[in-house]
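Novice: With these hints in hand, go ahead and build the complete structure from the sequences.
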Amino acid sequence: MNIRTNLTAYKTIVYKEILRFIRIWLQTIIPPAVMMSLYFIIFGRLIGEQIGDVQQFTYMDYIVPGLILMSVITNSYANVVSSFYSTKFHRHIEELLISPISNFTIIAGYISGGVARGVCVGSVVAFVAWLFTDIQLANPVIAIIVIILTAILFSLGGFINAIFANSFDDISIVPTFVLTPLTYLGGVFYSIEMLSPFWQQVSSLNPVMYMVNLFRYGLLGISDTGIMTGFLIIIAFILLLGFISLLLLKKGIGIKS
Numbered sequence: 633m634n635i636r637t638n639l640t641a642y643k644t645i646v647y648k649e650i651l652r653f654i655r656i657w658l659q660t661i662i663p664p665a666v667m668m669s670l671y672f673i674i675f676g677r678l679i680g681e682q683i684g685d686v687q688q689f690t691y692m693d694y695i696v697p698g699l700i701l702m703s704v705i706t707n708s709y710a711n712v713v714s715s716f717y718s719t720k721f722h723r724h725i726e727e728l729l730i731s732p733i734s735n736f737t738i739i740a741g742y743i744s745g746g747v748a749r750g751v752c753v754g755s756v757v758a759f760v761a762w763l764f765t766d767i768q769l770a771n772p773v774i775a776i777i778v779i780i781l782t783a784i785l786f787s788l789g790g791f792i793n794a795i796f797a798n799s800f801d802d803i804s805i806v807p808t809f810v811l812t813p814l815t816y817l818g819g820v821f822y823s824i825e826m827l828s829p830f831w832q833q834v835s836s837l838n839p840v841m842y843m844v845n846l847f848r849y850g851l852l853g854i855s856d857t858g859i860m861t862g863f864l865i866i867i868a869f870i871l872l873l874g875f876i877s878l879l880l881l882k883k884g885i886g887i888k889s
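Going by this note's numbering, the first residue of the sequence shown is number 633, and it counts up by one from there.
FYI, nobody ran anything at the bench for these hints, they're computed from the structure.
27 Å max Cα-Cα, derived BS3-like pairs, lysine-lysine:
{"no.": "1", "residue 1": "Lys882", "residue 2": "Lys720"}
{"no.": "2", "residue 1": "Lys648", "residue 2": "Lys882"}
{"no.": "3", "residue 1": "Lys883", "residue 2": "Lys648"}
{"no.": "4", "residue 1": "Lys720", "residue 2": "Lys883"}
{"no.": "5", "residue 1": "Lys720", "residue 2": "Lys643"}
{"no.": "6", "residue 1": "Lys648", "residue 2": "Lys720"}
{"no.": "7", "residue 1": "Lys882", "residue 2": "Lys643"}
{"no.": "8", "residue 1": "Lys883", "residue 2": "Lys643"}
Specialist: Spelled out as C-alpha cells, the structure:
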C-alpha cells in the first residue's frame, strides 16, 4: 500500500469537504448560531429565570455545554451523511472505489470533514454563548477531547446512514427520529437528578447523556455521570461504528448493489 498516495488522497478529500461547507457558510455555519441564540434567549433567559440555579450554576450557564455539543452532533452528522450520499447519487463513489487508496482513507477523509464542520460550528456557538454568559473553562483539555471524539462518533453515524440511504429523504430519517430525541433527552436542558428514579434509569441508557455530562464537566467542572464511563462509552461506539463502516464499504453494501 502506497502511504504517500493514501496521504494525498486523504488531504484531497478533507480539503474538498471543508471547502464544501465553507463555500455555503450562510447555510452551514450561521443558522446553527442563530438557532442557539434563540435557545439562550428563550430557555436560558426567559425560562431560566423561573427555574433558578441548577447545581450552583445559573440555568443559562448550565445549558451552555449541552447546546454547544448538540450543535457539534447535528452538524458533524449532517455534513457526512449529505456529502457521502451526494457522492453515491452522482456516481462519484466508483472513482474512489477503483482508485488505489484504502477504504480506511476514504472513511477518514469524510470523517475529518465532518469533524471540521462540527468543531467550526461548535466554536461559533461557543462564541455566541460567551456573549450571554461568563463561563470559565474548568477543564479545557477534556472539553476539547470530548468535542473531537463526539464529532468523530456522529460523523461515523452519518457515514453509515449515507451508505444505507436510497434517497435524499432517507438521510433525514435518523436525525429526525433518532438524533433529536437522544439529544433533547440527553440532559441538555436538565440534570438527571431532577428526574424520578425510574426515569434516571431510562436516561442511563442514552449514550448522549454521558457525552453531554462529560462536556459539561470540561466546561463547568460538574457531571451527573462518571468521567471515565463517559470516555469509555464514546470510544467504544467509535470503534464499533468505525468497524461497521469499514465492513460496509468493503462489501459494497448500498454502493455496488
